[in-house]
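Protein chains: 8
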Amino acid sequence: MENETRNILCDLRDGRISVDEAVLKLKKQPFEDLGYAKVDLHRGIRQGMPEVIYGAGKTAEQIEGIAKSLLDNGVETVLITRLDSEKANALTSSLSLDYREKAKCGIIGKIPAPSGIGRIVVATAGTSDIPVAEEAAVTAEVHGNEVVRLYDVGVSGLHRMLSHLDEIMSASVIIAIAGMEGALASVIGGLADCPVIAVPTSVGYGAAFEGLTALLSMLNSCAGGVSVVNIDNGFGAGYLAGMINHMETKK
Amino acid sequence: MENETRNILCDLRDGRISVDEAVLKLKKQPFEDLGYAKVDLHRGIRQGMPEVIYGAGKTAEQIEGIAKSLLDNGVETVLITRLDSEKANALTSSLSLDYREKAKCGIIGKIPAPSGIGRIVVATAGTSDIPVAEEAAVTAEVHGNEVVRLYDVGVSGLHRMLSHLDEIMSASVIIAIAGMEGALASVIGGLADCPVIAVPTSVGYGAAFEGLTALLSMLNSCAGGVSVVNIDNGFGAGYLAGMINHMETKK
Amino acid sequence: MENETRNILCDLRDGRISVDEAVLKLKKQPFEDLGYAKVDLHRGIRQGMPEVIYGAGKTAEQIEGIAKSLLDNGVETVLITRLDSEKANALTSSLSLDYREKAKCGIIGKIPAPSGIGRIVVATAGTSDIPVAEEAAVTAEVHGNEVVRLYDVGVSGLHRMLSHLDEIMSASVIIAIAGMEGALASVIGGLADCPVIAVPTSVGYGAAFEGLTALLSMLNSCAGGVSVVNIDNGFGAGYLAGMINHMETKK
Amino acid sequence: MENETRNILCDLRDGRISVDEAVLKLKKQPFEDLGYAKVDLHRGIRQGMPEVIYGAGKTAEQIEGIAKSLLDNGVETVLITRLDSEKANALTSSLSLDYREKAKCGIIGKIPAPSGIGRIVVATAGTSDIPVAEEAAVTAEVHGNEVVRLYDVGVSGLHRMLSHLDEIMSASVIIAIAGMEGALASVIGGLADCPVIAVPTSVGYGAAFEGLTALLSMLNSCAGGVSVVNIDNGFGAGYLAGMINHMETKK
Amino acid sequence: MENETRNILCDLRDGRISVDEAVLKLKKQPFEDLGYAKVDLHRGIRQGMPEVIYGAGKTAEQIEGIAKSLLDNGVETVLITRLDSEKANALTSSLSLDYREKAKCGIIGKIPAPSGIGRIVVATAGTSDIPVAEEAAVTAEVHGNEVVRLYDVGVSGLHRMLSHLDEIMSASVIIAIAGMEGALASVIGGLADCPVIAVPTSVGYGAAFEGLTALLSMLNSCAGGVSVVNIDNGFGAGYLAGMINHMETKK
Amino acid sequence: MENETRNILCDLRDGRISVDEAVLKLKKQPFEDLGYAKVDLHRGIRQGMPEVIYGAGKTAEQIEGIAKSLLDNGVETVLITRLDSEKANALTSSLSLDYREKAKCGIIGKIPAPSGIGRIVVATAGTSDIPVAEEAAVTAEVHGNEVVRLYDVGVSGLHRMLSHLDEIMSASVIIAIAGMEGALASVIGGLADCPVIAVPTSVGYGAAFEGLTALLSMLNSCAGGVSVVNIDNGFGAGYLAGMINHMETKK
Amino acid sequence: MENETRNILCDLRDGRISVDEAVLKLKKQPFEDLGYAKVDLHRGIRQGMPEVIYGAGKTAEQIEGIAKSLLDNGVETVLITRLDSEKANALTSSLSLDYREKAKCGIIGKIPAPSGIGRIVVATAGTSDIPVAEEAAVTAEVHGNEVVRLYDVGVSGLHRMLSHLDEIMSASVIIAIAGMEGALASVIGGLADCPVIAVPTSVGYGAAFEGLTALLSMLNSCAGGVSVVNIDNGFGAGYLAGMINHMETKK
Amino acid sequence: MENETRNILCDLRDGRISVDEAVLKLKKQPFEDLGYAKVDLHRGIRQGMPEVIYGAGKTAEQIEGIAKSLLDNGVETVLITRLDSEKANALTSSLSLDYREKAKCGIIGKIPAPSGIGRIVVATAGTSDIPVAEEAAVTAEVHGNEVVRLYDVGVSGLHRMLSHLDEIMSASVIIAIAGMEGALASVIGGLADCPVIAVPTSVGYGAAFEGLTALLSMLNSCAGGVSVVNIDNGFGAGYLAGMINHMETKK
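Chains as they are written, first to last, in the numbering used here: chain A, 1 to 251; chain B, 1 to 251; chain C, 1 to 251; chain D, 1 to 251; chain E, 1 to 251; chain F, 1 to 251; chain G, 1 to 251; chain H, 1 to 251.
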């Protein structure tokens, strides 16, 4: 932002533009800059970062339009989340789409080679939590992370989780995904020594209240290093995990 | 019930009472009998069972009056729950009261020797849950059960719980007490092979919502054999655990 | 667990295996053992115990695969819960399935002869609660319990319940199932002298809030010996009731 | 209302007032009349009906002022609800106050002789519900009803309630008061053949949620003839019960 | 109940039956009697009272079976509530059914001539509340009450309600039906001098929360004489209103 | 109201009607007048104001009937809200309907030229909020307001909103529409110096709880001048905004 | 904003400042300008507008410090809300404070003469709502509005409200304040033809849920022109009402 | 773990211990090891990490005892959270306590020099949120992080936040703390390109529902990289932020 402003000012000082022209240029700049500033960090500096399209509530035509526009502007990877198989089929005729059915995610372009501090573990309590987990895992992978999947390691069968103690304790970030009582986040949070992102899911019935119980439970975890995202928000967890796993690039 | 009815009818047949008197006696009988039936099971058949006084909302004088009346009628043991230390002090001048401060329970008379199928384990997630646990433990002890206390074995420090695996896996009944996210019940329920009574506590802050989160969490446990009582209801859990631990007497 | 460990150690002491081999064998053992420990109690010691498949969210093919695998491994009885009639039909071509439509349960293999301390009474407030009740009853039967069904004995017609006083008062365990206001649990809990497992159901409308009212109501029962499971969780109640009814085997 | 209008119109027709004066008089009349219409029914027609002062949030001086003003205007009986003993003491120096401590009600003037169709039964589940019950009972008595008190007849000791079957089945109106799970209303509603007014109370702890559970439970009663008032609203129940018990005066 | 008992006792006293036979006869009697006692009040004493079948969740065949059985046993009028038009069509081939589509009610047999203290006013806030209102109105009519319908008189158009002031103020009982904010009950309760039964409906969107807002609002009415039934419970309101409107028969 | 009353009185004074006739005429007048009073302000004084038909739950035939009746009575503009495209198609055969699909609104007659104090800004956080926004915008336009649409300016992309600072700060009234966390209202409320009407929408998933979170969030805005309407209530916001934007006509 | 930017640029062009100095000045400008822009509108343009200090959670010393600083900077009127009498007493020694006890508001400086489009009516349902009403009224008065107070005009005594029909129908803005069922807003919204700001209060007990019921009720009002602020937020309502009442100054 | 096991096995192979002794040693090992594993990571490997004592619910004596025990065992820094000033005073006589009153935190020992990837920004919406913020800030500082405090930058005064854009956009991790509507998290999440930990606070009144509204709002943030901890959980946020800020040590 500073460079652009400085250029305008130098142009003015040196008489290449008038005060009126400088006013006009500057007037639109701050907020555009503000926007670009963030965009830059996302796309400019960390070259090759994917763009994300939230597919729910958009028609196949709309998704196609946005995706093509992004690709035309040099974006190398596009991730489409909440994309049902019907729309995915409609898209494959015109786009080279890599559709991950379990994750309900479509990928256009190449997935970057894994980088970052370490591996992201995506753990679920049950098999019904897998769609949310896959959304998280694919999101993390598309953002350049190595992902380890530990599915169906819920606390009512503790030995299943403990048999994966090595993966848990050597993870860089863990995404703990559970519906019903959501106890997985607390148990993993107590075992692991890394940030744990808890994702409540709407899995369960009766007093599960479509994820509310798991959500409240996870917020009450007394294990250090646990934070929570919205119910079924696999994308948010995968994105944040990738961000934390690339913290060294901030230095 | 049949005997009493038969006596009335014989009295009528033999002219000792009139039809009017018989009608009156029979009219009130079914429900009175119903009442006595239960009382008998509680006090008559299982001799030596304690009577319980819920101390909250009663004055020391009222408690003293009820207790003396019970003792005068042959009750050998009286348990007073939710008894604060101030009232306990007031009672000790006139009654031989064994006051358990942590449990907020007072005991009059002797505690029966432990009997039953096995041992009842009372486990808590944290130290703040101990008052509820002690209410459960003392209730179970007063009803003739051996109690093993495992306090502060919450799931965020899983090794603490697992170091007591022997007690957990050999228990007859387990009372799992936890506030906050209440994950203890699920983890213990997954490990143990006996009935687990989960007691949510009002311990915690914020999204703990005074026990609601732990309650909902415990109800969603997918471990087999887990059931739940009201928030902070240590007495109810101790009483039920004792009942289950004496199931062999039902045979 | 101890035996297996001891064998490895003896092999080491006697030079049949090296320290490296012993390390490898022991490394994977504890948590597997932990798992088997529980499995043993369930299946090993109490021979003939059924395996349970939760049918909801699984395809007929998946259920068939799991069931066949269990049967191939020597399991004698398989219980499939939450199995709709369509999937049941699909299964009957390849499996010898005993389908209980009301309970939405399928049974493969023989139902063990009733054993245990006494009889389990399954009581419902209304006729709409029967599907949950049947899930509980079939679960208990498949786990070797004698079940007495008392349906439509809700408290707004108290005489219907009281005409079954004998069954209620001689039960070993009672499962009280009700939607709407859930008062059945309190009334039965006040009459009976055995553990009462309350199951709220999602029956009702308006302020029934899909079982929440019955759930809260049941948790507030002041009758001794009452505990609660999740809304519509007939399986959980039947499983726990069977566990309590076989407490004598713990001795 | 018609008479007053007619007088104005006659005055106009006969030239005693001008059209402008008639307009002014009529303009303010309808809503004033509306008000008086109701006041008349309450106080005019049914002579001797008590006035009620809601004592909570008013100082002793304010209450004294209102009461004196009412008495000066010919009101024979004044009922002051939610009046704590401190304020009651302050009032007794200047007013001839009959203070009912349990009900937290003060009465000035004479209580009318009981009239109405029959007797109003006020039943409570426990002893902690008695303050609400007394507010209901005193309200009904002050409005000229005979009241029968049945306290501590909760459903967890069904025999206690059933031993009062005569009172319940011969009542004109029943007020069923309960906290916790509120099952009393359903059971009484199923037994009785008269209107049942259910009053949830804030008695209980944990999942009683200060009366919410009892409220929801009572609203779900499937017994015919049950309706519900606000939590702890003894006055409202007593007032409505009295109104129903005097329905014959509507004929 | 007394007569039947007395007959048995006289038979015993006079030697017509033995003590054993008397025991047997009495043994089954109390609870049946308890049931009949209520049934008598409903059907015996007040001859011609209709029987009600709750149609929701029952097949046309089940409804037909129950209805025929009732008619065979001398019941003159049968009311079927929550009966959709499809089932109604199926029923009309075999039963002489008077189907009221708006009320979703079917009537078999004759509707008794209106009796009772006065007229029952059924008022709704909007046109969407009419189905609930019709269920209430038809229920009241079938139970022998004259019903006045005041629809769409919600408080946001106060003049519409006030133009019916005469009906409101001369009613015997008023049923006030409203969704959304439910203010109708308070306004009518403040105007009328008779019992007001408030019925919240699930009409509305957003913060109406399917009737919860109207329910809470109605429970908070500070107008005297207002009580509340469950959301959309037109039947309950109509039944209770009819009961109150026939209070004089209790004398 | 006064004129009509005065006419009646003059008729009486001058002998054209009797006192009885005057009583009758006056009896029904006040509340009808009350109604017309408001109607007058809406339609009489502010000539050309549109009538609104709430289309949800009405058939195309019913809507057509009401619309024609209004037009026959001289109404120049009719707005039909919550009108789905199917009904709109059915209506266009018989009415000259201007259907706005995004808004689900149909307009009959001409839209008045914009008047009022200034411009109404309708801002949404996301694209999914647009249907609610269009309902608000069309409502405001039909009531004679100039509307500026700022869509998809949610706070997670602050620069998008800030690039429209001019529109925001020069608005007469702002309608801030957002689902999910509803932060838009607070941010706009902090920037703008005019009344802000916040409309929560049911957009979002999980802990959005169908608009409840946005609703609560908006009610807590500490920015001055913000008030809130019901979830998804675009019409209410547009109507109120138009009312405020025409405040000068009140002077 | 443009002028300031232009000055900097001219300074640069003319060599009075360097490019570095210009960059620094411009960098902080947009957002500072943004801030000043609003401050200007509040204080600069509309000269004499009062400053508001939220007194809750601040000590008397802190309030004194802020107030003195404001007065030193030329502010003519300071409004302190949520100021209890104890702090008010502490302040009066050093400040010339006009303390309004009912409103819990303190005013320093002169109250501007009433201006604006018309009068603001502040109406309450009961006497307990008066503190919130006074906060609203004093806030509006301090911001230069004429306020009419209509207290205790709740809908359960409709005649009281209707006797003030003139004030209601001639108001510029109405603030409708009510706890319990909050019906006042709907009724007034239906009568009045101006913006109605509804303020739910925490007055009530039981199912009033500390204002939640009134809040939900008010949000569901189907009367046009009604919007809602937070529970007990008298200040917010008074501030917004004043803003609307001065809309003509926006032209 | 392997080393310890290997030692036991070597001891066995070499005859230094018997098989029985080896069994005993191995039996308790896995879970003890499990515990130590985590302890090591926390304290062993990352030398100098502070120990934390949760002060709420502990007496000054208990805190002193624990602290001394830790210090005696070589811990260099002890952080005591939720420590009120009274207890802090009691502790200072025996311990060299650095008490931070705003944070309600006590520190014993030296605070490590800041390390990690970058700076942690702690931002609050209002001044009432500062105690939670200070708990977060002190926790982060004690764990070796540089902290930048940005207090009172709530979104209703957007310019205040934007004037700190540099700090926000260059942060390593941001902790966004807000009560009421919690919009701060969304706005910061939209601006920043780093993980944002949102902390809802119980600040506010009415519909703030003691932090629930802020909590739900924050969970719905659509900005990438935002996660949430429990209401008022400053410690949890500070601890997690520190963990993320030291991610490079995981490599």
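Since the hints were made in silico from the structure, they are not lab data.
Remember, predicted model here, so these are calculated numbers, not experimental data.
Just so you know, not all the hints are guaranteed correct.
Stated by the list, open to error - Computed footprint of chain H on chain C; a stretch qualifies when at least three of its residues, placed anywhere within it, have a C-beta under 8 Å from a C-beta of chain H:
#, stretch
1, 16 to 23
2, 189 to 196
Said to hold, decoys possible - A few chain E residues that face chain G, going by a derived Cβ cut-off under 8 Å, partial list only:
#, residue
3, S93
4, S96
5, G157
6, M180
7, E210
8, T213
9, L219
To be verified - With a straight-line Cα cutoff of 30 Å, these simulated DSS-like cross-link-like pairs (lysine-lysine) come out:
#, chain 1, residue 1, chain 2, residue 2
10, E, K110, F, K110
11, A, K58, F, K102
12, C, K68, A, K102
13, D, K58, G, K68
14, B, K102, H, K68
15, G, K58, H, K68
16, C, K110, A, K102
17, B, K68, D, K58
18, C, K102, E, K58
19, F, K110, E, K102
20, H, K110, G, K68
21, C, K102, E, K68
22, F, K102, A, K68
Beta carbons: idealized from backbone N, C-alpha and C, even for Gly.
Pairwise hint evaluation, K102/A against K110/C, where the allowed Cα distance is 30 Å at most | 37 Å, violated
Holds or violated: is there a CB of chain G closer than 8 Å to the CB of M180/E?
-> Constraint on M180/E satisfied, holds at 4 Å.
Assess, step by step, whether the Cα of K68/C is no farther than 30 Å from the Cα of K102/A, and give holds or violated.
-> 25 Å, holds
Given hint K68/E paired with K102/C - CA-CA distance at most 30 Å = With a Cα-Cα distance of about 25 Å, the restraint between K102/C and K68/E holds, given a limit of 30 Å.
Can we keep the S96/E interface hint, with Cβ of chain G closer than 8 Å?
-> 42 Å, violated
If you draw a straight line from the CA of K102/B to the CA of K68/H, is it 30 Å or shorter?
-> 25 Å, holds
Regarding the pair K102/F and K68/A, is the alpha-carbon distance no greater than 30 Å?
-> 25 Å, holds
Within 8 Å of chain H (C-beta), three or more residues of the stretch 16 to 23 of chain C = holds (count 3)
Compare the distance between the alpha carbons of K110/H and K68/G with 30 Å, and conclude whether the hinted pair is satisfied.
-> 41 Å, violated
Restraint satisfaction for G157/E [CB to CB of chain G, less than 8 Å] | Constraint on G157/E satisfied, holds at 6 Å.
Per the CB criterion, is E210/E less than 8 Å away from chain G?
-> 12 Å, violated
If you draw a straight line from the CA of K110/E to the CA of K110/F, is it 30 Å or shorter?
-> Outside the cut-off at roughly 55 Å; violated.
In this structure, the earlier hints numbered 2, 3, 4, 7, 10, 13, 15, 16, 17, 19, 20 are contradicted, and the remaining ones agree with it.
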